[in-house]
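Undergrad: With the hints as constraints, model all of the structure from the sequences given.
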Amino acid sequence: MERWSGKVAIVTGASAGIGAAIVVQLAKNGVHVVALARREKELKELAESLNDKDYGTIYTKVCDVTNEQAVKDVFSWVDSTLGGASILINNAAVTKISSLLNGKLEDWQEILNLNVLALSVCSREAYKSMTKNKIDGHIIQINSISGHSLTSNFAHKMYNASKHAVTVLCDGLRHELQLTGSKIKVSSVSPGPTATDMLANILKYSKEVTTAADFKILDAEDVASAVISSLATPPNVLVTEQALKQNELTFWETVQVVLAGQGLLSCSYKSACQMKHKIAEMTIIPTGFTIQMHFQPSSQVVENSLNA
Numbered sequence: 154m155e156r157w158s159g160k161v162a163i164v165t166g167a168s169a170g171i172g173a174a175i176v177v178q179l180a181k182n183g184v185h186v187v188a189l190a191r192r193e194k195e196l197k198e199l200a201e202s203l204n205d206k207d208y209g210t211i212y213t214k215v216c217d218v219t220n221e222q223a224v225k226d227v228f229s230w231v232d233s234t235l236g237g238a239s240i241l242i243n244n245a246a247v248t249k250i251s252s253l254l255n256g257k258l259e260d261w262q263e264i265l266n267l268n269v270l271a272l273s274v275c276s277r278e279a280y281k282s283m284t285k286n287k288i289d290g291h292i293i294q295i296n297s298i299s300g301h302s303l304t305s306n307f308a309h310k311m312y313n314a315s316k317h318a319v320t321v322l323c324d325g326l327r328h329e330l331q332l333t334g335s336k337i338k339v340s341s342v343s344p345g346p347t348a349t350d351m352l353a354n355i356l357k358y359s360k361e362v363t364t365a366a367d368f369k370i371l372d373a374e375d376v377a378s379a380v381i382s383s384l385a386t387p388p389n390v391l392v393t394e395q396a397l398k399q400n401e402l403t404f405w406e407t408v409q410v411v412l413a414g415q416g417l418l419s420c421s422y423k424s425a426c427q428m429k430h431k432i433a434e435m436t437i438i439p440t441g442f443t444i445q446m447h448f449q450p451s452s453q454v455v456e457n458s459l460n461a
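Sequential numbering from 154 applies to the sequence shown in this note's numbering.
Any given hint might turn out to be false.
With a straight-line cut-off of 25 Å between C-alpha atoms, the simulated DMTMM-like cross-links for lysine to aspartate or glutamate are [said to hold, decoys possible]:
1) Lys310 with Asp260
2) Lys287 with Asp232
3) Lys194 with Asp372
4) Lys249 with Glu263
5) Lys225 with Asp205
6) Lys249 with Asp232
7) Lys249 with Glu193
8) Lys336 with Asp324
9) Lys285 with Asp324
10) Lys281 with Asp324
11) Lys249 with Asp372
12) Lys181 with Glu374
13) Lys194 with Glu155
14) Lys249 with Asp207
15) Lys197 with Glu374
16) Lys285 with Asp226
17) Lys181 with Asp372
18) Lys398 with Glu374
19) Lys197 with Asp207
20) Lys181 with Asp232
21) Lys281 with Glu329
22) Lys285 with Glu155
Computed spacing ranges between beta-carbons, pair by pair [claimed, not checked]:
23) Asp324 with Arg191: 15 to 21 Å
24) Lys285 with Val215: 20 to 26 Å
25) Gly236 with Arg192: 23 to 29 Å
Think of the hints as simulated: they come from the structure by calculation, not from any bench.
In this text, a Cβ means the ideal position worked out from N, Cα and C, and glycines have one as well.
TA: What follows is the structure, encoded as structure tokens:
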């Protein structure tokens, strides 16, 4: 993380939960953080708890990221005042208990506006800021395991759809950046159930599970640690995806390694993520490689299982 010390990160949805945990971890690593959220009181309390320590500086901006102009204004301020953004963490998201059979359009629009469109606008503006300021930055999307499979919750499918869109947008953004020759990285972190206000709201409507204590879940700090691990990779290495889950028993970490130039990327790159037993899987590729590398014959791909 040394290369990010003194650099600027923008974190959306930063006032609580995963976003706040990410802000704390970035600041502890010497990163200056622009924390965005709609709740001013919580933002100020977070900044006050960190700015009196020997950490990176916390700047707070009340911002509704579904407002395109508000997002542009924040990035303009970062460019003119702080010299541009080196890191973007797209964390802001929402879910609604609204089924596909009888859900309300306004609920669906709220989910898609924040989880998909606002994320895309922030990513676009981060690209512009990084390019303008000649920064080889890193964009990390806080996705979900719901973005890779269908959840059993009856009225949760539009959230599923929004997070599947994030999965596609990560690949698409990475592909467009590669076509332009950009060295900006794009990673996805997909947590399972995590102890946040969002999960608490979902559990209110669950007939099978009534409290978070009824099943094993992640802490917000676990997700923040995964973000730090992605940022800590060398410039030539990209962790494209981390899927996180809680597991109290024996756990195995699967690392997919693809060809890096004329040789193989080291299969021993276990230090890419030191998350004890909470990483389900991660995919590591050399920065700048095309997405098509994933589809080469199995003889050109090494899969290595490591006892975590």
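Undergrad: Hints first: check each against the structure and report whether it holds.
TA: Structure-based check of all given hints:
{"no.": "1", "hint": "Lys310 with Asp260", "in the structure": "holds, 12 Å"}
{"no.": "2", "hint": "Lys287 with Asp232", "in the structure": "holds, 12 Å"}
{"no.": "3", "hint": "Lys194 with Asp372", "in the structure": "holds, 23 Å"}
{"no.": "4", "hint": "Lys249 with Glu263", "in the structure": "holds, 8 Å"}
{"no.": "5", "hint": "Lys225 with Asp205", "in the structure": "violated, 29 Å"}
{"no.": "6", "hint": "Lys249 with Asp232", "in the structure": "violated, 35 Å"}
{"no.": "7", "hint": "Lys249 with Glu193", "in the structure": "holds, 23 Å"}
{"no.": "8", "hint": "Lys336 with Asp324", "in the structure": "holds, 15 Å"}
{"no.": "9", "hint": "Lys285 with Asp324", "in the structure": "holds, 23 Å"}
{"no.": "10", "hint": "Lys281 with Asp324", "in the structure": "holds, 18 Å"}
{"no.": "11", "hint": "Lys249 with Asp372", "in the structure": "holds, 21 Å"}
{"no.": "12", "hint": "Lys181 with Glu374", "in the structure": "holds, 13 Å"}
{"no.": "13", "hint": "Lys194 with Glu155", "in the structure": "violated, 31 Å"}
{"no.": "14", "hint": "Lys249 with Asp207", "in the structure": "violated, 39 Å"}
{"no.": "15", "hint": "Lys197 with Glu374", "in the structure": "holds, 20 Å"}
{"no.": "16", "hint": "Lys285 with Asp226", "in the structure": "holds, 15 Å"}
{"no.": "17", "hint": "Lys181 with Asp372", "in the structure": "holds, 18 Å"}
{"no.": "18", "hint": "Lys398 with Glu374", "in the structure": "holds, 13 Å"}
{"no.": "19", "hint": "Lys197 with Asp207", "in the structure": "holds, 18 Å"}
{"no.": "20", "hint": "Lys181 with Asp232", "in the structure": "holds, 23 Å"}
{"no.": "21", "hint": "Lys281 with Glu329", "in the structure": "holds, 13 Å"}
{"no.": "22", "hint": "Lys285 with Glu155", "in the structure": "holds, 23 Å"}
{"no.": "23", "hint": "Asp324 with Arg191: 15 to 21 Å", "in the structure": "violated, 29 Å"}
{"no.": "24", "hint": "Lys285 with Val215: 20 to 26 Å", "in the structure": "holds, 24 Å"}
{"no.": "25", "hint": "Gly236 with Arg192: 23 to 29 Å", "in the structure": "holds, 27 Å"}
The structure fails hints 5, 6, 13, 14, 23 (numbered hints given earlier, in ascending order).
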